[in-house]
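One letter stands for each residue in the lines below.
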Amino acid sequence: MPNQPDRFDVIIIGSGAGGAPIAHTLVNAGKSVLVIEKGPLYRPQADDPFGLSDYKRDELISDGPEKRLTIPGLANTGASFYTSHVEPDLNDEPHIYRKAGSGDFATIEGYTCQCVGGGTQHYGGVSLRFSALDFRLRSFNEGRTDLRNDPNGDVKREVRDWPITYDDLEPYYSKAERLIGINGTRENQVKRASEENYQKPLDPNPISDYARVGMLALGMKPYRTPQAVITQNHEPSGRKVGPLGDPAWEGGPKTAYVNRYGDALDFKSNTWVALLRPISKKPNLALWPNCHVTHLECQGSKITKVNLLDPSGRERSFSSKVVVVACSAIESVRLLMLSAETSPEFNSRINHNDLLGKYFLTHCFGGASAVMPGRFDKSLTVDSDWATDFCGSEDFIRSNGLWAGATIYNNTSDQALPIALGRTHGAADLDTLWHGFDNDTSIVGERFRTFLDLEFNRRLSVSFMANQVPQKANRIELHPSVRDKWGRRVAYIIKTWHSHDQYLMDTLARRCRDVLAYGGDNGGGHYPVEGFGGVYLSENALARIANHILGGARFGTIEADSVLDKNCRAWRFDNLYIGDGAFMPTSGSGNPTLTIQANAFRVGDALLQSGLL
Amino acid sequence: MATIVQRDDVYVLNYCTKSLARYNTDARHNYGQYSPDDRRAGIAEAWRFPVIDSYYDGRSYEDSYAFNTATFVLVNADATHDVAVIGTFSDLVTPIPMPRVGDSVYCAVSVAVPKGQVHRYRFVVDGKTTMDPVNPQRVTTPEGTEWSRFFTQYCTDIISFERWELTLLLRLTDHILPFRTIESQRFLNIYLKNIERQSKDSQYARAYRLDQPIGVVNFIDKILAREESHRLTDYKICLELIDRVLRQRDPYEEPAQMPVSMYEDLYNQMAQDSGVQGWDYSRYGSPRYFLQLLRRHTYTGAFSHPKYGGNAGAAGWAYLAHNLTDPLTGALPADDAQTTAFDWSRAFERPLGRSPEYHG
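Here the protein sequences line up with chains Y and R, keeping their order. All the letters of the first sequence, read from the start, carry residue numbers 227 to 839 under the working numbering. All the letters of the second sequence, read from the start, carry residue numbers 157 to 516 under the working numbering.
Hints may contain errors.
[To be verified] Facing chain R, from chain Y, some residues (calculated, C-beta under 10 Å):
id, residue
1, Leu267
2, Ser279
3, Asp284
4, Glu285
5, Glu422
6, Asn423
7, Lys426
8, Ala512
9, Asn516
10, Leu606
11, Leu643
12, Leu678
13, Gly713
14, Leu834
15, Leu838
Honestly, the hints are just simulated from the structure, not real lab data. C-beta: ideal position from N, C-alpha, C; glycine also.
Based on the provided sequences and hints, a complete structural model is requested.
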C-alpha cells in the first residue's frame with residue numbers, strides 16, 4: 227500500500243456487483259473514492275503487464291484439489307471439499323449453515339469469489355431484469371385466498387413491497403445494461419425497457435434448440451438470454467472483440483470456460499473490466515485489493531472509521547464522509563454485527579429493531595436435465611441461450627396458486643467440459659462433487675467408454691429461478707464458536723424452505739421437465755427426462771447450492787419495519803449505506819446480479835444528491 | 157544465472173494474503189500431510205509456494221511456452237534481513253536477491269525456469285541458508301542436506317513413487333480408464349505417434365514415452381507431490397497391500413505381468429469393500445475408499461490440462477473429440493471428419509492448442 231491519504235469522500239467495501247457501480251458513479255462525479263477488496267486483483271490478459279492472465283482456461287483452477295474440513299465439532303468435519311482459486315478456504319473463512327436435526331455444516335455459497343469483481347468474475351452472466359410484479363408482491367397477494375401450501379398465511383404476513391417500483395429502477399436497469407455490456411434480445415420479454423442497449427447475441431449452440439422447440443410447443447415465448455458477455459466492441463468500457471462472423475476468427479467467448487471461471491480475455495463483463503478498470507487511472511480512485519475490513523466505528527450517527535488489515539495483516543484505519551458496505555449479503559451483515567460487538571453505540575443504532583440479519587433469502591431454484599437425442603460440441607457456448615417469462619405472468623401465477631413468478635432458461639454450459647461431467651455426475655450441489663462418479667465403481671473400462679458416449683456433449687438442462695417466501699426465522703447470525711483466520715466469529719445461517727416454496731419448486735420443475743419432454747421429440751411431449759426437481763430435494767439443500775445470497779438488511783419506508791431506508795442507508799446512521807443484495811425484501815424472479823447493479827447505480831445517484839458529499 | 161522476471165507488487169501480494177496473512181496459526185490445514193507441530197499446517201494452500209505460473213519473454217508467447225515463471229516468497233516481518241534464494245534452477249552458488257514487496261512484510265523474486273524440471277532451493281537470510289518455511293515439498297540429497305523443492309509444469313520426472321509402485325498403478329488406472337477397447341487403443345496409438353512425429357523435440361508429448369495410457373500415473377505422481385500430498389500415504393499403504401494380495405494369489409508371477417482378469421477381480425472385490433482376501437484391514441480399513449480416490453485422480457488426470465502431467469499431448473481430449481459415436485446412427489466419426497464432437501484446441505494457448513488470442 228503506497229502512501230495514501232487517510233481520508234476519502236467515500237469508502238466502499240467490496241468491488242463486486244454492489245460496490246463497483248457506486249464507485250463508477252462517484253469517481254466520474256469527481257469524488258475521491260477508496261474501494262477496499264478482500265481478495266486479489268487478478269488480471270486478465272489485457273491489463274497484465276506480461277499479457278498473461280491470472281484466470282486460466284483450466285478445469286482444475288476452478289474446482290481445485292481436495293482439501294479436508296478440519297474445523298472441529300461440525301456435522302461435516304472431515305469431509306472433502308474442492309474450491310476454486312478465488313473462493314475462500316473453508317477452514318479459514320467458512321459460512322456455517324444449520325440444518326435442523328443434523329447439526330452445523332461449514333460451506334460457502336456458489337459464486338462466492340474473493341477477488342476484485344467479486345461474484346461477477348465467476349458468474350454465468352445471466353442478466354435478467356426482475357419483473358414489475360416482483361416489486362409489489364405484497365400488494366399482488368393482498369386478499370388472495372387461492373395460495374397453495376401456505377396454511378398459516380405467511381405470505382400475507384411476511385411479504386413486503388419494495389419501496390421503489392419497477393419504473394423507479396428502470397432507468398438504472400438501462401444504465402447498467404449500457405455500461406456493463408450485455409448481449410441478448412428484448413422481444414418476448416415482459417419487462418419494459420426505455421433504452422435498447424443489448425449487444426447482438428452469438429448464434430446459439432445447436433443443442434439449445436431443443437429448449438427453444440420445447441418452449442414454443444408449450445406456448446412459452448422465448449428470447450435470447452441476456453448475458454454479461456460482450457459480443458461486439460464495447461465503447462463504455464473500451465473493450466474490443468474480434469470481428470463477428472469472420473470465419474478466421476476462432477476466438478471469442480464461446481469456450482464453456484465461462485460459468486464458474488474468471489475470463490482470461492475481456493469478454494465476460496465482470497465489474498473489474500466493465501466498471502472499475504475504465505476509471506482505475508483516475509487520480510480520485512484508490513483500489514486496494516488484498517485488504518480485509520474488520521469493523522467500522524461510529525461517533526453518534528456518523529461512521530468515523532474503517533478498520534482494515536493490509537496485505538501483510540497489519541491494522542490500519544481510514545475515514546471518509548460516507549461508507550458503503552458491499553461485501554455480499556452475508557458478509558455485509560456479518561461486518562455490521564461484528565462492528566456492533568465492539569461498540570454499544572454502534573450496536574444500539576444498527577440493532578434499533580431486531581431485523582438485521584433477518585429475512586435472509588436465496589432463490590427457489592431447480593429444473594430438469596436430460597440426455598438429448600443429438601450430440602453437439604457444447605464447448606462452443608456461453609452459459610445460456612434461451613429464456614422465457616411465461617411463468618412470470620399474473621395468469622400463470624394465479625392459475626397455479628403461486629405467490630410469485632419465475633424465469634425459465636436453459637443452461638448450455640453445464641457439464642460441457644470433461645472434468646465437469648465427471649465431478650458433477652449425480653451430484654446435486656457443490657458439496658457432493660465427485661460423489662456420483664467416485665461411488666459408481668461400475669464405471670470402468672468399457673462402461674466408462676459408454677458413460678462418456680452417452681453423456682458427453684449430450685446433456686441439456688433447463689432451470690427456473692423464482693422468489694423465495696421471506697421468513698423472519700431465515701436469518702444470518704454470528705456463529706457462537708467458529709472463528710475465521712483472524713479470530714473473528716464467522717457467519718451462521720439458519721434457513722429452511724417454506725411449504726409453499728416446496729410446492730412452487732415442484733410446480734416449476736415440472737414445467738422445466740416439460741420443456742425438455744416437448745423439445746426432445748419435436749413437440750410430442752414424450753421425450754424421457756430422468757431428473758427434475760427443486761433445490762430443496764438435494765442432499766445438502768441448504769448450503770452451497772445457495773448461489774444467490776440476498777436479504778438480511780431489507781429496505782423499506784418504515785423505520786421500525788426495515789434495516790435500510792429507500793436509498794439503502796442504515797436508518798440511524800447518517801452516512802452508512804449497503805450496496806449489495808442484502809437490501810432486497812424479496813428475491814425476485816430471476817438471477818439477481820443485474821438488479822443489484824442497477825440498484826447500486828441508483829444508490830450512487832442518491833449519494834450524489836444526499837448532501838453528504 | 158536464471159533470468160529474473162519483473163512481476164509487479166500486486167502480482168506477488170495476490171498470492172500472499174490468502175495463505176500467509178493470518179492471526180490464527182492452528183493446524184487447520186493439516187489433512188494428514190504434516191506432523192502435528194509443523195507450522196506449515198497453519199497455512200492455507202501452502203503448496204502454492206513457490207508460485208509456478210506462465211512466462212512471457214517479451215517477444216513470443218509460443219517460444220515462451222517452454223518456460224514457467226517461479227515466484228519465491230519469504231515473510232520478513234521486520235524487514236531488517238537481507239533475503240535471497242539459491243537453487244539448482246540457477247548456478248547454485250550466486251544468491252538471487254529477493255527485494256521487499258512494496259512496504260509489505262514479504263520479500264520476493266520471480267525467475268524463468270524451463271518446463272518439465274524438478275529443482276531444489278534454499279533461502280539465504282543474512283548470509284545463512286534456510287529452508288522455505290512455507291513450501292511443503294522438501295528433499296534430502298544423498299549427502300544428507302535438506303532442500304526445498306519445486307517442479308515446473310509438464311514435468312515427467314517421477315517424484316512420489318518407486319518403479320514397482322508405478323507399474324502397479326499403471327495396471328490399476330488402465331483398468332479404470334475407457335481406453336481398453338481395440339478401437340480406442342488404435343486411436344490413441346496413431347494420435348500419440350502423430351504428435352511425437354510433429355514435435356520431436358517438444359516436451360508436450362514426452363509423457364507418452366513413459367508407456368502410460370495418456371499420462372495418468374504421472375499426473376497422480378505430481379498431485380501427490382504437491383496439491384494433495386495428504387493423499388500420498390493412502391497410495392503408499394494401498395499399493396503395498398495390493399502388491400501383497402496379488403502375490404499371494406499367484407506366487408509365481410510378477411504383478412506387472414499378471415493377466416487383466418486378476419486386476420478385474422481385485423477391483424471388483426475392493427469395490428465391495430469387505431472380504432478382499434489377503435487385504436490387511438488393520439492397515440487400511442476401506443479398500444473401496446482408496447478405489448474412490450483412485451477413480452477421481454484417474455478421471456482428472458485423463459482429462460485435465462496437460463500441464464499437470466496427465467492427458468499427455470491432450471490425448472484424453474482428442475479421444476473425446478474423435479471417438480464418441482453419432483447417437484443417431486451409432487457410427488464413429490470418419491477419420492477425415494471436418495468437425496469434431498469436442499473442438500478443444502480452439503480455446504487453448506499455442507502450441508498446445510490453436511487459440512489466436514489466449515496465451516495460457
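Do the hints match the structure? See the list:
Because the closest C-beta pair between Leu267 of chain Y and chain R is about 5 Å apart, less than 10 Å, the hint holds. Because the smallest distance between the Cβ of Ser279 of chain Y and any Cβ of chain R comes to about 7 Å, under 10 Å, the interface hint for this residue holds. For Asp284 of chain Y, the interface hint holds, since its Cβ comes within 10 Å of a Cβ in chain R; the closest pair sits about 5 Å apart. Interface restraint check: Glu285 of chain Y against chain R, minimum CB-CB distance 6 Å, threshold 10 Å, status holds.
At its closest, the beta carbon of Glu422 of chain Y sits 29 Å from a beta carbon of chain R; the interface hint therefore is violated under the 10 Å criterion. Taking 10 Å as the C-beta cut-off, the interface hint given for Asn423 of chain Y is violated, the closest approach to chain R being about 26 Å. Taking 10 Å as the C-beta cut-off, the interface hint given for Lys426 of chain Y is violated, the closest approach to chain R being about 20 Å. With a cut of 10 Å, the hint placing Ala512 of chain Y at the interface with chain R is violated, because the nearest CB-to-CB distance is about 13 Å.
With a least beta-carbon distance of about 4 Å to chain R, the hint placing Asn516 of chain Y at the interface is held under the 10 Å criterion. Checking Leu606 of chain Y against chain R: minimum C-beta separation of about 7 Å stays under 10 Å; hint holds. A least Cβ separation of about 8 Å between Leu643 of chain Y and chain R falls short of the 10 Å threshold, and the interface hint therefore holds. Among the interface hints, the one on Leu678 of chain Y holds; its C-beta lies about 6 Å from the nearest C-beta in chain R, closer than the 10 Å criterion.
Contact between Gly713 of chain Y and chain R, as hinted, is supported at the beta carbon level, the nearest pair being about 5 Å apart and thus within 10 Å. The interface hint given for Leu834 of chain Y is broken, as the beta carbon of that residue sits about 30 Å from the closest beta carbon of chain R, more than 10 Å. Below 10 Å, beta-carbon pairs count as interface contacts, and Leu838 of chain Y has none with chain R, the closest being about 31 Å; its hint is therefore violated.
The structure is inconsistent with the numbered hints 5, 6, 7, 8, 14, 15, although it conforms to all the rest.
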